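Q: Now for the letters of each chain:
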Amino acid sequence: MSNPTRCAACRYLRRRCCEDCVLAPYFPSANPHRFACVHRIFGASNVARMLQQIPVEHRRQAADAIAMEAYWRVQDPVYGSVGFISMLQREISVVQRELAETQAQITMYASQAQSQPNQIAAAQCLVEDGHLVPSQPPFPGLYQRDDISQETLRRHF
Amino acid sequence: MASSSPQVPVSSATASASPSSTSSPCAACKFLRRKCQPDCVFAPYFPPDQPQKFVHVHRVFGASNVTKLLNELHPYQREDAVNSLAYEADMRLRDPVYGCVGVISILQHQLRQLQMDLSCAKSELSKYQSAAAVAAAAAAGTPGTSFGATSPVTAATGHGFINVNHPIGMTGFVYGRDQFFPAAARDPTHNLHMMLRNYDADLATRLASNGAYDADLAAAMNATSAAAFGLFGGQFSKPSAAGGDERPGIGPL
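For the record, the sequence lines run as chains A and B. Per the numbering used here, the first sequence starts with residue 88, numbered consecutively. Per the numbering used here, the second sequence starts with residue 101, numbered consecutively.
For the record, the hints were derived by calculation from the structure and aren't laboratory data. It should be emphasised that the depicted structure is a prediction, and the values quoted were computed from it without experimental measurement. Each hint should be verified, as a subset may be incorrect.
As the list claims (entries may be wrong) - Chain B regions said to be covered by chain A (calculated; three or more residues, Cβ under 8 angstroms): (1) 142-156; (2) 172-181; (3) 184-197; (4) 202-211.
Claimed, not checked - Okay, the calculated beta carbon distance ranges per label pair: (5) K168/B / R147/A: 23 to 33 angstroms; (6) L132/B / S180/A: 37 to 47 angstroms; (7) R147/A / E172/B: 28 to 38 angstroms; (8) R159/B / H145/A: 16 to 26 angstroms; (9) L193/B / L100/A: 17 to 27 angstroms; (10) L132/B / T194/A: 51 to 61 angstroms; (11) K168/B / T92/A: 22 to 32 angstroms; (12) R103/A / K130/B: 20 to 30 angstroms.
Unchecked claim - If you only want the chain B side, here are some residues facing chain A, beta carbon under 8 angstroms, derived: (13) F131; (14) F161; (15) A163; (16) L169; (17) A232.
Don't be surprised by glycine CBs; every beta carbon is placed ideally from N, CA and C.
Work out the full structure: start from the sequences and follow the hints.
A: Here it is, written out as structure tokens:
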């Protein structure tokens, strides 16, 4: 028995859409361009085979991921989704480098603060007396910042 | 979903090799059991010593689809295209459900975590810098001075965070330690679900949108191609999309 409303795949392929069409749940007729991209890049038979090899509960996610990859490949025939991966990897390395530099500066300040506690205490007194008005109140536990720095360092080095 | 995100492979082959009548057939023709012609489109990119590369690409995309894809590209673009197809095929075979999209989701999550850590670190650094400035002012003996240090929050900003959500179509996520993601959104799978729902739900909206959004994505894609070009070893001339350098906006159709 055929599906009275053909899915986008069967409509595109001009064939009867069966009740058990594996593509029908994921390529509705309302979105023909989605299947057109997928068919152009992967091919209908490849997609049907891939979906059949996946448990039913994961097929929707798989179909969506395949559709996205196909779309990106149509938009960028040279790199497709790999272009995004490259971009993200590059950005991650930039942020990691900046984080390392910031951590190094924190370590430097923390060690200075430990070696010059009196100066900091004096600064705090001036602040508390109102002589100096920073934009934020003095932070407690200045001499216990090492644990936070060490924790952050441990996570990133 | 893939638990690791392998680096994009750097191509070591050049596009100049072509089979002669005396050399062995390329991996594609060997797999397809056909005679490897001198003008075989696969030969420069599927050498006989890398059979798995073509096997994976053929399993996922199919030889005919790859042929059509390569024929639409300039010759100098084909090696990058083949290598990216091979990478995508590998990822799809490793993770049949999410493939490369899973890798992207993981990298997005990692990047968000790093950006949050960087924001916190800059906030902490600014506190130290404020204290050091206060100490220096105290040592200089200038009581009563109004010290208008920038707040840690504003001092912590300034890094040009890439909006990792835009290329994939996600909306509604904000950064910052005090504006936590919903707990479920920390899960890359949840992010992926949001991403994929937005992909379909925003279809008409993105078709209608223009201007700044597409310009941002076009800039991101230009940066993408430059980055990918670097990762592919810089052996090729400047990559560009088939048909011209101008890239369309990225987003669901």
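Q: It remains to establish, for every hint, whether it holds in the given structure.
A: Here is what the structure says about each hint:
{"no.": "1", "hint": "142-156", "in the structure": "violated (count 0)"}
{"no.": "2", "hint": "172-181", "in the structure": "holds (count 5)"}
{"no.": "3", "hint": "184-197", "in the structure": "holds (count 7)"}
{"no.": "4", "hint": "202-211", "in the structure": "holds (count 7)"}
{"no.": "5", "hint": "K168/B / R147/A: 23 to 33 angstroms", "in the structure": "holds (28 angstroms)"}
{"no.": "6", "hint": "L132/B / S180/A: 37 to 47 angstroms", "in the structure": "holds (39 angstroms)"}
{"no.": "7", "hint": "R147/A / E172/B: 28 to 38 angstroms", "in the structure": "holds (30 angstroms)"}
{"no.": "8", "hint": "R159/B / H145/A: 16 to 26 angstroms", "in the structure": "holds (19 angstroms)"}
{"no.": "9", "hint": "L193/B / L100/A: 17 to 27 angstroms", "in the structure": "holds (25 angstroms)"}
{"no.": "10", "hint": "L132/B / T194/A: 51 to 61 angstroms", "in the structure": "holds (59 angstroms)"}
{"no.": "11", "hint": "K168/B / T92/A: 22 to 32 angstroms", "in the structure": "holds (30 angstroms)"}
{"no.": "12", "hint": "R103/A / K130/B: 20 to 30 angstroms", "in the structure": "violated (38 angstroms)"}
{"no.": "13", "hint": "F131", "in the structure": "violated (16 angstroms)"}
{"no.": "14", "hint": "F161", "in the structure": "holds (6 angstroms)"}
{"no.": "15", "hint": "A163", "in the structure": "violated (10 angstroms)"}
{"no.": "16", "hint": "L169", "in the structure": "holds (6 angstroms)"}
{"no.": "17", "hint": "A232", "in the structure": "holds (6 angstroms)"}
Consistency with the previously given hints fails for numbers 1, 12, 13 and 15, ordered from lowest to highest.
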